[in-house]
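Participant: Place chains C, L and Y on chain B using the hints.
Number of protein chains: 4
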Amino acid sequence: MESGATRADIEHVVTRLRDIGAEVHVSEGQSQTVIGAVGDRSTIQQLPWEAFQGVERAVPVLKPYKFVSRDHHATNTIVDVGGVSVGGQAVTVIAGPCAVENRDQLFAAAAAIKDAGATILRGDAFKPRTSPYSFQGLGEKGLELLAEAREEFGLPFVAEVVDPRDMELISSYVDLVRIGTRNMANFPLLAEVGRQPKPVLLKRGFTATIEEWLNAAEYIYKEGNHAIILCERGIRTFETQTRNTLDISAVPVVKGLSHLPVIVDPSHSGGRRRLVIPLSLAGVAAGADGLIIDVHPAPETALVDGAQAILPDQFSLLMQQVGRVAAAVGRTI
Amino acid sequence: MESGATRADIEHVVTRLRDIGAEVHVSEGQSQTVIGAVGDRSTIQQLPWEAFQGVERAVPVLKPYKFVSRDHHATNTIVDVGGVSVGGQAVTVIAGPCAVENRDQLFAAAAAIKDAGATILRGDAFKPRTSPYSFQGLGEKGLELLAEAREEFGLPFVAEVVDPRDMELISSYVDLVRIGTRNMANFPLLAEVGRQPKPVLLKRGFTATIEEWLNAAEYIYKEGNHAIILCERGIRTFETQTRNTLDISAVPVVKGLSHLPVIVDPSHSGGRRRLVIPLSLAGVAAGADGLIIDVHPAPETALVDGAQAILPDQFSLLMQQVGRVAAAVGRTI
Amino acid sequence: MESGATRADIEHVVTRLRDIGAEVHVSEGQSQTVIGAVGDRSTIQQLPWEAFQGVERAVPVLKPYKFVSRDHHATNTIVDVGGVSVGGQAVTVIAGPCAVENRDQLFAAAAAIKDAGATILRGDAFKPRTSPYSFQGLGEKGLELLAEAREEFGLPFVAEVVDPRDMELISSYVDLVRIGTRNMANFPLLAEVGRQPKPVLLKRGFTATIEEWLNAAEYIYKEGNHAIILCERGIRTFETQTRNTLDISAVPVVKGLSHLPVIVDPSHSGGRRRLVIPLSLAGVAAGADGLIIDVHPAPETALVDGAQAILPDQFSLLMQQVGRVAAAVGRTI
Amino acid sequence: MESGATRADIEHVVTRLRDIGAEVHVSEGQSQTVIGAVGDRSTIQQLPWEAFQGVERAVPVLKPYKFVSRDHHATNTIVDVGGVSVGGQAVTVIAGPCAVENRDQLFAAAAAIKDAGATILRGDAFKPRTSPYSFQGLGEKGLELLAEAREEFGLPFVAEVVDPRDMELISSYVDLVRIGTRNMANFPLLAEVGRQPKPVLLKRGFTATIEEWLNAAEYIYKEGNHAIILCERGIRTFETQTRNTLDISAVPVVKGLSHLPVIVDPSHSGGRRRLVIPLSLAGVAAGADGLIIDVHPAPETALVDGAQAILPDQFSLLMQQVGRVAAAVGRTI
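Residue numbers (this note's numbering), protein chains in the order written: chain B, 256 to 588; chain C, 256 to 588; chain L, 256 to 588; chain Y, 256 to 588.
Any given hint might turn out to be false.
Put simply, identical chains are the same to the list, so a pair is met inside one copy or across any two.
[Unchecked claim] Taking lysine to aspartate or glutamate pairs in the DMTMM-like style, the calculated list, with each CA pair at most 25 Å apart, reads:
id	residue 1	residue 2
1	LYS318	GLU305
2	LYS396	GLU478
3	LYS477	GLU257
4	LYS477	ASP421
5	LYS477	GLU406
6	LYS321	GLU406
Just so you know, the hints here were simulated from the structure itself, not pulled from any lab data.
Pulled out of the complex, with its shape left as it was, chain B reads as follows:
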C-alpha cells in the first residue's frame, strides 16, 4: 500500500481478497503496510488490484502457468517426432534450409544433413517477412517437396504455420508444426495448434520473457496438445553485432521451471555463419535437448536468411564437434 493509504483503503483490499477466497496477512511497517495474499493466482489476478485506492503495487509471487511447470510434472517430457525422440538422453539435431526454394536445393540439403547425422529436416513453405517486398514462401508446393524428401531420406520434417486458416493443411503434411518467434503471442494460432494432433515446436518470441513463453506453451497444452518442444532463438537487446542475443541462460532456467524439452537455434539468434558452431556447442554444453540449424547448399543464392546458413561441409564439421561436447556432458547425438 502507499504510505498515504488510509485504514479504510487497507480494509477494503483485505475484504475483497477474502471475498474471493484468498488467505490474507497484513504487516504494518514503519512507513508502509504490506498485504500478503495466498490463493489461486488466476482468481486473485482477475481483480485489478492496482486500480484500488491506496494500492502502490501488486507483486505476483507465484507462477502464472500450471501444466507446463515442473511442479505439475516432475520428470522430463519426451516428445516423439515421426519416430525421433526429443528430450531424452540424445541431443536431437534438426537441420535444413530456412525456406524451401525448389526441389534441387531441398534435396541437396536433405542429403547432406542426413549424411552428417541430423535426424529431422527443417524447411519452410510459408514465410512471414518483415518487409512485404520479400519472398513469402512456396506454399503447399513447398510442403509437397518436403513430404517427398521425407520419403526419399527417411527424415521427418518441421515447417512453420503463420495463419490459423492454413493449420489443417500444414498439419496434414508435417511431423512437427513450428510456431515462429513473431507468432509466439498470436493466441488464436496457439489455440489452433493446440487442437491439432502433431507435436509443436514453439519458438520463444524474440521479445518475450521466459514467463510469457511458458504462458504461450500453457495455451497450447490447455487445448489438449501436450507434445511441445521449446526453442530458444535469441532476444532483442541493444547489442548490434548479432541479429539477436542468444539467451543461453534460458536453457537451464527453463529446464528448471518446466518439464518440456528445450532446443537452441544458433542460426537465427546470431544471424552470422561464423557464430553457428560456437553457439551450437554452447547450447549443448548448457543442457539443450537439441539444435535447429540452417543449412543451405548455396547460401549466396538463398532467398531467405542466407547470411546465417552454413554449408554442408561446415555442418558435417559441426556434427563432429557437437558429438564431442555432447559426450563431455554425458549425452549422445
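Facilitator: Frame of chain B; chains C, L and Y shown alone:
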C-alpha cells in the same frame, strides 16, 4: 569487406551487384575495402550479402518502405473515421473501456466520454491475453453493444481484430479496425486488414522498432487500404516502474518519416492511472494527432487492465488540460 | 520457497529472519510456501536469501532509498542555483554549448540564451568520451571562461565533474556540479560530490532504472548534500532512430516517488536537432521542473555533439513555445 | 542526405569531407543521394555530420578502435598474470569470494579452489554497491589478506579498483587489476589503469555494446598497458529470471574482432547458484579463454552476492565438468 578479403572476393561482390542493376563504387582504405551500392533496396536486399565470402557487414542506408514514407507523399494524410477526421488540425480523443464487459459498463463509459468531449469510442470484444486463464472478451455480443452505443451517443467506434477469420465480422461492425501491439507483425492479419474497407489503427509492437512499424503499415497500404492511423503505445525496456516505456520521441520521428497520422496511448504504456494525464499532455505537446484512453466507470471491477483505467471525472479533467496544451501548440480538440 | 523445499528449509529461513528482527508470516499454498517478512529493508537485504537452501526467489517490496523519498519529505524540495530557484512554480531553462571550445563560442551562446530568457548557463570543461581519440575538453581554462561568462551575463553555470580528483577545483568555480550519465553509478564520485557545498545535477544513467537513480541520489544526500536536481536524459533501448529513448514517464513517476526537482534533457536523449523542440514541450507538459538544452552558435563546427545542438534562433523559438506550454500547465518560465 | 536536400547542401558536405582528406563518392538515387566517404575514422568523426543542413543520417562503417583490433594484431595475445598465462591453449579458471570478508573466509575459499585446480584467486577489498547502505569492502586490510593468501597457496590474485586515487595502492598489491562493470566507461579510471604496470581484467559494462567495450580497452591500451583480458559478464535486458543475460555470442564475436583474451563470468551474469555450472560449460564451449567464479565457503553468511556463490564441493564438480568440455573443444585446464 573483412580486412582479409581477397581481390577475388571483392570482384565477386561487385559483379553480383552490377548483375542486379546496382550502381557500385569501391573505396579501398588502408586496412579495409568498402563497397557502396545504390539501387532499388528491395532488389539489393534479395541477395544475402553477408553470406558472400569476405563480406564483413552489409549496412542498409535507405529506407525499406515506400508508400507510407513522406518521400512518397509530402502532405499529411487525414483519415476519416465515421465522420471524424484524424490527422488534421484538431487533436482527436478516442476513449472508453479496454474491454466491453456488459451494456451498463459500456453505456456509462460512452455517456461520460461523450460528455467530456471525446469523439470516438473504444471497447474491445475480442481480447488476446497473455495467460489462457484470463477473460477473453464477449465476442460478437460485444460488437452489437458497441453498435448500439454508436446509435445512442453518435460516436463512431474502434475495436480490435486478433484473428483473420473474424475480419469480415468485425469489419462489418466497426468504424475503425484496431491491430493490437501483439499483432503488429502478424503478416496474414495485416494483409487481411489491408483488403477490407474500414480505416485501420495500427499499434506499434511493444518490441518493434519504428522501421518495423512503418514496414507493417506498408503491408496494409500495399494491399490497397491507405487509411492508416499509427499509435505509439510504449516499448519494452529494462525499466519496471512502468508497464512499458512510452517512446515519446517516436511521435516527432514518425511525423518526419511518414505522412500518416500518429496518436498516443498513455494508458497501456504507463499501466498506471496516475500517469495517464501527464503522458497525455506530453503526447499532445510532442505533436500527436490524437490520444486513445482507457476510461472505466468502476475500474476496481474491470475485467481487463483496470489498473490503468481512469474514472469519468478524471477523464473530464484530462480533456480540459489536453485542450489547454493543444491550444498552446496551435491545435484544437 | 521452491515447491521441493523441506520443512527444515522453511524453518531455517524463518529463524534467520526473526534473528535479525523481522516480523515473519508463513503462508502455505497448495504447491508452494510463501514467507512474508517486514522489517528494515537494509537489514533484511544484508542476508543473501536466495543463497539459502529451498529458497526460489526473494522479492523486495519496499523501496531501498529513504531520504530522497517523498515518504521522508512530503513537499517539493526547491534547490537554489546561484540565485535561481529550481523546483518551484517556474520552469527553469539551462542552456549553452555541450563543451566549452573557446571564448567566442561560449560568449556567443551565453548572449543568445540570456537574450531568449534562459537563466542558467551550461558548458563543460572536462568531457568523458567514448573514444579515446575524441576531444576531451579544455580543463581549467574552460572553467575560467565560464566564470567570465557568469560575470558578463549574470548567469550562474553548471559543469560536469568526471574525476574525484578534480572535485575541489570544479566545485570552486561552478554554481551547480553535474554528474553525467556515465558516472551515475560511480560511487566514489557520488560520495565526493555529496561532501562539497555546491548543488548537484544528477543525470540518470542511460541504462539505470529509476530505482537505481534514486539510490544514486541517496548516496549524495547521505553524505550531507541535500541540494540535488535529477535529470532524465534518455535510456538505452533497441530503437535506433534516436540516440536514446527519452523516458518521459520517468518525470511523473519520479515526482511521485521523490521530493527532488526533475528536469529533462531533450538534446542528448534524442540526439537530433529536429527533436529538441517537441521533446522540450513534452517534458514541460509531463511536469518537468526544467530543461537543459545544447545551444551552439555554429553546430557544424562543434567539437562535441553538434548533431543535436540547436542554433540561437531555434532556441529563441523554443523558449516562446515552452512558455506557452508552461502556462497551459499552470507554470511560468 | 534527406530527400529534400539541395544541391548546395550536398556540395557543402562533399567539400568539407574533401577538406579533411577523405575520399568521397556521391551516388544519386531516385529519391535520395548517398555520400560515401573513406578516410581516417577519427578524423572524419571529429565533424558533426548530422548537424549539417540536409544530412539525414551518418552511418559509420569502419571500426572506431585500432590497437585492440585483430586487424592491427592478427595472433592471439597471451597475458601473463603472476606466472599464469591467459589466452593460450589452456582455459584459465579464476575463483574465490566476491568480497574479502575476513581471514578465515578467504583462506577457506583459497584452499578449496587451489585444491580443485583453479590458478588465480579472486576477492575484492573495495566494493562499489548500488545502495549506500550495503557493505563497502575491507579496504587495504582486504588487500593484505589477499597477499597473505597468495603467499600461503601460491595463487596470484585479482582485485577491483573503483577510485583512481586508490590505483597506486591496489596496483602495488595485486597481480591483475579488475575494472568492474559499472566502471567500464569511467574514462579517468581507464586512463589511470593504463598507466600502471599490472595486467588488467576489463569487465564489459552490463549496458555496453561490444564496440563500446573494445573502445574502453583501447583507452587502456593507448596509455601503454597492453596486457588486457576482457570479461563478458552479462548485459541488461528485459528478462527478469536472471540478474543479467549472459551474452554468450560476445565470446566468438570478440575473438573475431580482437586479439585480446576473453573470459566469462557465469556467477554475476546469472545471479543464481544453479546456473553457474551450465553457464561455465557454455562459456568454454563457445571459446572463452577462462572463467571467473564466485566461490564462498558459507554463502548464507556472504556479505555480497551470496545468491550466486557456489560451495567448494560444487566448484570441484564444476572443474571436472569444465575439464571434459575443454578437452572436447581441444583445450586443457
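Participant: Look at each hint and say if it fits the structure.
Facilitator: We went through each hint and held it up to the structure:
Taking the shortest alpha-carbon separations for LYS318 and GLU305, both the intra-copy value of 19 Å and the inter-copy value of 17 Å come in at or below 25 Å. Taking identical chains as interchangeable, the C-alpha atoms of LYS396 and GLU478 lie at most 25 Å apart only when they sit on different chains, with a minimum of 24 Å there against 29 Å within one chain. In this assembly of identical chains, LYS477 and GLU257 lie within 25 Å of each other by CA distance solely across copies; the values are 24 Å between and 37 Å within a copy. Both within a single protomer and between protomers do LYS477 and ASP421 lie at most 25 Å apart by alpha-carbon distance, with minima of 21 Å and 22 Å respectively.
Taking the closest pair of Cα atoms, LYS477 and GLU406 never come within 25 Å of each other, the shortest separation being 33 Å inside a single copy and 39 Å across copies. In this assembly of identical chains, the alpha carbons of LYS321 and GLU406 never lie at most 25 Å apart, being 39 Å within a copy and 44 Å across copies at closest.
Of the numbered hints stated above, those contradicted by the structure are hints 5, 6, listed in ascending order.
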